[in-house]
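Asks: For reference, the chains in residue letters:
There are 4 protein chains.
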Amino acid sequence: MLKGTHPLRVRYADTDKMGYLYYGHYAKLYEIGRAELLRTTGISYQECEDEFHVMMPVLSMECRYKLPAKYDHLLTIHTELRELPKRMLHFHHEIYNEEEQLLNTGEVKLFYVDMKNNKNISCPPFLLDKFKPFF
Amino acid sequence: MLKGTHPLRVRYADTDKMGYLYYGHYAKLYEIGRAELLRTTGISYQECEDEFHVMMPVLSMECRYKLPAKYDHLLTIHTELRELPKRMLHFHHEIYNEEEQLLNTGEVKLFYVDMKNNKNISCPPFLLDKFKPFF
Amino acid sequence: MLKGTHPLRVRYADTDKMGYLYYGHYAKLYEIGRAELLRTTGISYQECEDEFHVMMPVLSMECRYKLPAKYDHLLTIHTELRELPKRMLHFHHEIYNEEEQLLNTGEVKLFYVDMKNNKNISCPPFLLDKFKPFF
Amino acid sequence: MLKGTHPLRVRYADTDKMGYLYYGHYAKLYEIGRAELLRTTGISYQECEDEFHVMMPVLSMECRYKLPAKYDHLLTIHTELRELPKRMLHFHHEIYNEEEQLLNTGEVKLFYVDMKNNKNISCPPFLLDKFKPFF
Numbered sequence: 531m532l533k534g535t536h537p538l539r540v541r542y543a544d545t546d547k548m549g550y551l552y553y554g555h556y557a558k559l560y561e562i563g564r565a566e567l568l569r570t571t572g573i574s575y576q577e578c579e580d581e582f583h584v585m586m587p588v589l590s591m592e593c594r595y596k597l598p599a600k601y602d603h604l605l606t607i608h609t610e611l612r613e614l615p616k617r618m619l620h621f622h623h624e625i626y627n628e629e630e631q632l633l634n635t636g637e638v639k640l641f642y643v644d645m646k647n648n649k650n651i652s653c654p655p656f657l658l659d660k661f662k663p664f665f
Numbered sequence: 531m532l533k534g535t536h537p538l539r540v541r542y543a544d545t546d547k548m549g550y551l552y553y554g555h556y557a558k559l560y561e562i563g564r565a566e567l568l569r570t571t572g573i574s575y576q577e578c579e580d581e582f583h584v585m586m587p588v589l590s591m592e593c594r595y596k597l598p599a600k601y602d603h604l605l606t607i608h609t610e611l612r613e614l615p616k617r618m619l620h621f622h623h624e625i626y627n628e629e630e631q632l633l634n635t636g637e638v639k640l641f642y643v644d645m646k647n648n649k650n651i652s653c654p655p656f657l658l659d660k661f662k663p664f665f
Numbered sequence: 531m532l533k534g535t536h537p538l539r540v541r542y543a544d545t546d547k548m549g550y551l552y553y554g555h556y557a558k559l560y561e562i563g564r565a566e567l568l569r570t571t572g573i574s575y576q577e578c579e580d581e582f583h584v585m586m587p588v589l590s591m592e593c594r595y596k597l598p599a600k601y602d603h604l605l606t607i608h609t610e611l612r613e614l615p616k617r618m619l620h621f622h623h624e625i626y627n628e629e630e631q632l633l634n635t636g637e638v639k640l641f642y643v644d645m646k647n648n649k650n651i652s653c654p655p656f657l658l659d660k661f662k663p664f665f
Numbered sequence: 531m532l533k534g535t536h537p538l539r540v541r542y543a544d545t546d547k548m549g550y551l552y553y554g555h556y557a558k559l560y561e562i563g564r565a566e567l568l569r570t571t572g573i574s575y576q577e578c579e580d581e582f583h584v585m586m587p588v589l590s591m592e593c594r595y596k597l598p599a600k601y602d603h604l605l606t607i608h609t610e611l612r613e614l615p616k617r618m619l620h621f622h623h624e625i626y627n628e629e630e631q632l633l634n635t636g637e638v639k640l641f642y643v644d645m646k647n648n649k650n651i652s653c654p655p656f657l658l659d660k661f662k663p664f665f
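Protein chains in written order, with this note's numbering: chain A, 531 to 665; chain B, 531 to 665; chain C, 531 to 665; chain D, 531 to 665.
It should be emphasised that the hints constitute simulated quantities derived from the structure, not laboratory data.
Please note: incorrect hints may appear among the correct ones.
[To be verified] Straight-line C-alpha distance at most 20 Å; calculated SDA-like pairs for lysine to any residue:
1) Lys558/B / Tyr542/D
2) Lys558/B / His608/B
3) Lys596/B / Phe582/A
4) Lys600/D / Lys596/C
5) Lys558/B / Lys600/D
6) Lys616/A / Arg539/A
7) Lys596/C / Thr606/D
8) Lys596/A / Thr606/A
9) Lys649/A / Lys596/A
[As the list claims (entries may be wrong)] Restraint ranges, calculated between C-beta atoms of paired labels, are given here:
10) Pro537/C / Lys533/A: 42 to 48 Å
11) Pro537/C / Asn650/B: 17 to 23 Å
12) Glu629/A / Glu613/C: 54 to 60 Å
13) Arg617/C / Leu597/D: 17 to 23 Å
14) Met645/A / Glu629/D: 21 to 27 Å
[Said to hold, decoys possible] Where chain A lies over chain D, by a calculated footprint (3+ residues, C-beta under 8 Å):
15) 587-597
16) 623-631
17) 643-650
The structure displayed is predicted, hence computed values, not measured ones.
Glycine included, C-beta positions come from ideal geometry on N, C-alpha and C.
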């Protein structure tokens, strides 16, 4: 399994009239979680796109909102890849606050696209090699 | 059933490096869809909060991304409430582009909270009366 | 002079903990104002980029916040180009609420870039021809 | 003088179709800069609002865009308060990339509001005491 955590503080820009992190902003938290998890393998998503011309569009997202995240709270984004992402990447996320309360869970599935011809592909070798040691 | 549509143009602010509407912004499209659907019943979400002190936090969201939405495209947000929302509101959304291609589907569930004591409640009478004629 | 107006409703996503339109979101209102003003000349910003390969990055922005914009309020974005935009585009914006109170003023300056070589250029002929009748 | 720096990575959510940090998102960078600068004095903006009932709405913002910030770049937000903020807070910001190129400068002016009666006030004593040692 590949897993990791990343901190993120809730900013005024992220809050809404209820005083909570707006429900649509969790998608960015998941993005941060998976980008930072990918970085720990030794390759960044930026390199995937700009050097290897592979992009990973999102196929689906599911979010469960359990408790609100509030302004200035320092959240922790937990991210897991539970299976070797051969044809698809399936990330599991959990968002915690400083009191270690679980605020939110999310699942995001992405696929691989070869940017040179815009076609779906399986996990390219340069990336599979980075993932394999963790599974 | 209660259903309706609302137009929305994709702005530069909404696009990402891929040139598409960022996957996290669909949550705002769903918000717009349900706010405009609610307005057609004769009451606005703003009135629910500010006059009746009832808010509707989001419980869950599911999104399926089928085709990308692109800069400056004029989207149509289709929104449906298929059942009388007694204990919960369950909205179904479909996002279409100008060529009537289905780009995205989403489901959002919300519940009712009495803002005076922050407790979960069932659909309050002032609102149930607005919904009933449609079911 | 080239001038126009465009309506925009404040959404929950746009509000912050104060219950107001977040101060950073006015930049998007200005973007909407100038895109819609440009469209009235018969050419869209999307066409400038995708067909004529001219983009217009922002050089500077100035905002004055006079009164807050609130959730669900229907704003009107007033946009003016006071001079023929030969070397630069200088937009003046005023944001009003439904009571015709002036909430915000903004000025945004943009320049022209030839996307094929990434160089600054003067207003290209296809666009200057669209602007000239208004000045 | 009170000054400080804070790092921030550009996320996909922040980019636009040009592949750059969207021009409207700098306002959030300035917000992060001033919140983190305030925190170094021993008080947070969250405490100002929630414990002392003082909020600081924005009066004006000016931005100069010099070079684009790109996806995944690790920016540094430099923030300065050059004068004791008695009646108003005037923040100066500079945004640098990893190559220490200056990408953007911004100035934001905020004022003090007593949230109990919604009136403008001068810098309240609890806050002035925190600022004074730096000037």
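Asks: None of the hints should be skipped; say for each whether it holds.
Replies: Okay, the hints, checked on the actual structure:
Between Lys558/B and Tyr542/D the alpha-carbon distance is near 17 Å, which keeps this suggested pair within the 20 Å criterion. Simply put, Lys558/B and His608/B have alpha-carbon atoms about 13 Å apart, close enough for the 20 Å limit, and the pair holds. Of the pairs offered as hints, the one joining Lys596/B and Phe582/A is violated, with about 24 Å between alpha carbons and a cut-off of 20 Å exceeded. Using a Cα cut-off of 20 Å, the hinted pair Lys600/D and Lys596/C is violated, with the two alpha carbons roughly 32 Å apart.
Distance check on the hinted pair: Lys558/B and Lys600/D sit about 25 Å apart at the alpha-carbon level, beyond 20 Å; violated. At most 20 Å may separate the alpha-carbon atoms for a hinted pair to count; Lys616/A and Arg539/A exceed this at roughly 33 Å. Distance check on the hinted pair: Lys596/C and Thr606/D sit about 30 Å apart at the alpha-carbon level, beyond 20 Å; violated. A distance of roughly 15 Å separates the Cα atoms of Lys596/A and Thr606/A; the hinted pair therefore holds under the 20 Å criterion.
Straight-line distance between C-alpha atoms of Lys649/A and Lys596/A comes to about 37 Å, which puts the hinted pair past the 20 Å bound. Checked against the hint of 42 to 48 Å, the pair Pro537/C and Lys533/A passes, with Cβ atoms roughly 47 Å apart. Distance hint for Pro537/C and Asn650/B: a CB-CB separation of about 36 Å, inconsistent with the stated range 17 to 23 Å. For Glu629/A paired with Glu613/C, a C-beta distance near 57 Å keeps the hint of 54 to 60 Å intact.
Between Arg617/C and Leu597/D the C-beta distance comes to about 20 Å, which sits within the given range of 17 to 23 Å. A C-beta distance of roughly 26 Å is found between Met645/A and Glu629/D, which places it inside the suggested range of 21 to 27 Å. Residues of the region 587-597 of chain D with a Cβ under 8 Å from some Cβ of chain A number 0, which does not satisfy the need for three, so the listed coverage is violated. For a cut-off of 8 Å, the count of residues in the region 623-631 of chain D with a CB near a CB of chain A stands at 0, and the three-residue condition is violated.
Interface restraint, the region 643-650 of chain D with chain A: violated (0 residues with C-beta to C-beta distance below 8 Å; minimum three).
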